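Chemist: Sequence:
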Amino acid sequence: MTPSTSQPVRVRFAPSPTGYLHVGGLRTALYNYLFAKHHNGKFLLRIEDTDQSRKVEGAVENLISTLGWAGIQYDEGIDRPGAFGPYVQSERLDLYRRHAEQLIERGKAYYCFCSPERLEEIRKRQMTAKLPTSYDRHCRNLPKAQVESLLAKGESHVVRMKVPLEGEVSFDDVIRGTVTIGCEVLDDQVLLKSDGFPTYHLAVVVDDHLMKISHVIRGEEWLPSTPKHVLLFRALGWEPPVFAHLPLLLNPDKSKLSKRQGDVAVEEYRAKGYLREALVNFVALLGWNPGDEREILSLDELVGEFSLERVGKSGAVFNVEKLNWLNFEHLRRKSDKEVLSMLRDYLSTSEFSSTHLDDAYLLKVISAMRDRVSFVREFVENSPYFFRPPRGYDPTVVKKRWKPETSELLSRLIGEFSRLENPGKEEYEAALHRTAEASQVGNGQLIHAVRLAVSGMGAGPGLYDILFLLGREETIRRIAMAIEKLK
RNA sequence: GGCCCUAUCGUCUAACGGUUUAGGACGCAGCCCUCUCAAGGCUGAAAUACGGGUUCGAUUCCCGUUAGGGCUACCA
Numbered sequence: 001m002t003p004s005t006s007q008p009v010r011v012r013f014a015p016s017p018t019g020y021l022h023v024g025g026l027r028t029a030l031y032n033y034l035f036a037k038h039h040n041g042k043f044l045l046r047i048e049d050t051d052q053s054r055k056v057e058g059a060v061e062n063l064i065s066t067l068g069w070a071g072i073q074y075d076e077g078i079d080r081p082g083a084f085g086p087y088v089q090s091e092r093l094d095l096y097r098r099h100a101e102q103l104i105e106r107g108k109a110y111y112c113f114c115s116p117e118r119l120e121e122i123r124k125r126q127m128t129a130k131l132p133t134s135y136d137r138h139c140r141n142l143p144k145a146q147v148e149s150l151l152a153k154g155e156s157h158v159v160r161m162k163v164p165l166e167g168e169v170s171f172d173d174v175i176r177g178t179v180t181i182g183c184e185v186l187d188d189q190v191l192l193k194s195d196g197f198p199t200y201h202l203a204v205v206v207d208d209h210l211m212k213i214s215h216v217i218r219g220e221e222w223l224p225s226t227p228k229h230v231l232l233f234r235a236l237g238w239e240p241p242v243f244a245h246l247p248l249l250l251n252p253d254k255s256k257l258s259k260r261q262g263d264v265a266v267e268e269y270r271a272k273g274y275l276r277e278a279l280v281n282f283v284a285l286l287g288w289n290p291g292d293e294r295e296i297l298s299l300d301e302l303v304g305e306f307s308l309e310r311v312g313k314s315g316a317v318f319n320v321e322k323l324n325w326l327n328f329e330h331l332r333r334k335s336d337k338e339v340l341s342m343l344r345d346y347l348s349t350s351e352f353s354s355t356h357l358d359d360a361y362l363l364k365v366i367s368a369m370r371d372r373v374s375f376v377r378e379f380v381e382n383s384p385y386f387f388r389p390p391r392g393y394d395p396t397v398v399k400k401r402w403k404p405e406t407s408e409l410l411s412r413l414i415g416e417f418s419r420l421e422n423p424g425k426e427e428y429e430a431a432l433h434r435t436a437e438a439s440q441v442g443n444g445q446l447i448h449a450v451r452l453a454v455s456g457m458g459a460g461p462g463l464y465d466i467l468f469l470l471g472r473e474e475t476i477r478r479i480a481m482a483i484e485k486l487k
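Numbering (the numbering used here), first residue to last: 1 to 487.
Hint data in this document are derived by calculation from the structure and do not stem from the laboratory.
Keep in mind the model is a prediction, meaning the values are calculated, not measured.
Yeah, the Cβ is synthetic: ideal placement off N, Cα and C, and Gly gets one too.
Be a bit skeptical, because a hint or two may be false.
Stated by the list, open to error - Each computed DSS-like pair below joins lysine-lysine, with the alpha-carbon atoms no more than 30 Å apart:
hint : residue 1 : residue 2
1    : Lys212    : Lys108
2    : Lys313    : Lys403
3    : Lys108    : Lys193
4    : Lys254    : Lys193
5    : Lys124    : Lys193
To be verified - Taking CB as the label site, the calculated pair distances span:
hint : residue 1 : residue 2 : range
6    : Thr180    : Val320    : 53 to 63 Å
7    : Arg434    : Asp263    : 49 to 59 Å
8    : Trp325    : Pro81     : 20 to 30 Å
9    : Arg333    : Gly82     : 30 to 40 Å
10   : Lys399    : Gly462    : 17 to 27 Å
11   : Gln73     : Lys212    : 18 to 28 Å
12   : Asp79     : Leu357    : 10 to 20 Å
13   : Ala360    : Gly415    : 24 to 34 Å
14   : Gln126    : Arg333    : 55 to 65 Å
15   : Arg333    : Trp69     : 15 to 25 Å
16   : Asp292    : Ser156    : 54 to 64 Å
Sequences are here, hints too, so could you generate the full structure?
Modeler: Take a look at the structure:
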């Protein structure tokens, strides 16, 4: 939705710090970011840590660094102060308390002294009776005097929302159109917990208003509670923001994307070697498209093209195959220099961390393997022979390419190679052709045998590229070694 | 159970009543290229859940059915 010109666009990503950044969260953050940047607005990061029991050490730092890795920059947040802080809900407790009291004064909320045990009891009763579970509103109309005396006694209590008994609430969702729900099915939701912390419902409304949020872009799981939020905005005398509920990200079985059926943490994908560009491009396409047939898009292009109108309504299965392809596409768009630096990073964590490899050599490996890898680690995994001699020979390839006469042929080839001075690809090729001709065999017979001998494998770049890369001495050494081991 | 949302190839999606023999992409299969494997090029199989309306005309609008999903906490 194109925002009205008078309202500056301000959106937020509001995760709770429960450990890691979920890919669904990444997409939500991304859409918020794209929407904000597209409209020259602000994108903020707000930490929703109102559940004491779910606090996870280091989660906030992790969230921030993962968002940073993905390239999603926020304008205001815990470490980027703006005019609307603090950006952590646990530091805004008095704000929520004051607004809860205001709601009570206006008759829009009430104190509730029911014990968790009693609540549990009525829920159980409702379930066995197959009735909808909801609070029985026991404390909704407690006499004022009784409330005051219970409060004075320090009785444990919560503050509940006083939902209208009838009528209906509706709101316009940018993605879903008008959503309407009858008040009679709305529960008298807890707003302020007995520990003094707000629930999500109170905190989100207070913060979105105070932080001047113009558009709430969040997951579809929030759709059912949005009417309560709308009621709260109204009760507080505020104008609700524009809502946009994003379709869910799904497991292959179409249930809400979860651990158990694959990786859901952005950190996992990062650790597996996915490029930020690929992951961002991929999640952007889960529920949105640019309207033409482009698939490979940079973050800047996404900013330029993004609009909420083009966000779909139905859930999207997280399809790793396509992500892999996007990784391949983004990797091949990187310059040799960039790939070199990534390869060096990878190498430093690998078994070759202490092997000396100069830039010129690695650059040659990169250009030989570029079309054959989707991940940086595959430069090593798919062609380990560029980093060390073969440790074995693929049995199925041996069976196919190593004939009884091969040893003899290769011995002749060694002789031919030995006479070469500083050979280039062409010289290797000519030498091999000479040997093949002299031995009355096809070039192919030698080519495949040599490939097997020097690499241990049956697949890879052109043979002469491999030989040139390895150099004459190493080539001869490996061929000799293969003759020794395979004869 | 109640409420809400959703429904085009296996998957991600295009189509905003007619220009559609329903387009693209991933994946899959085949062919070409070729020393192998890739890359690249070409080709192919593959979808509007079902039933009613509305309309001269429905993938597109409405209703129902079915299916899937979400929510239903002093969690977010």
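Chemist: A separate judgement is required for each hint: does it hold in the structure or not?
Modeler: Tested hints:
no., hint, verdict
1, Lys212 / Lys108, "holds (23 Å)"
2, Lys313 / Lys403, "violated (61 Å)"
3, Lys108 / Lys193, "holds (16 Å)"
4, Lys254 / Lys193, "violated (34 Å)"
5, Lys124 / Lys193, "holds (21 Å)"
6, Thr180 / Val320: 53 to 63 Å, "violated (38 Å)"
7, Arg434 / Asp263: 49 to 59 Å, "holds (53 Å)"
8, Trp325 / Pro81: 20 to 30 Å, "violated (41 Å)"
9, Arg333 / Gly82: 30 to 40 Å, "holds (35 Å)"
10, Lys399 / Gly462: 17 to 27 Å, "holds (23 Å)"
11, Gln73 / Lys212: 18 to 28 Å, "holds (19 Å)"
12, Asp79 / Leu357: 10 to 20 Å, "violated (38 Å)"
13, Ala360 / Gly415: 24 to 34 Å, "holds (29 Å)"
14, Gln126 / Arg333: 55 to 65 Å, "holds (58 Å)"
15, Arg333 / Trp69: 15 to 25 Å, "holds (19 Å)"
16, Asp292 / Ser156: 54 to 64 Å, "holds (59 Å)"
In the structure shown, a violation is registered for the earlier hints numbered 2, 4, 6, 8, 12, in ascending order.
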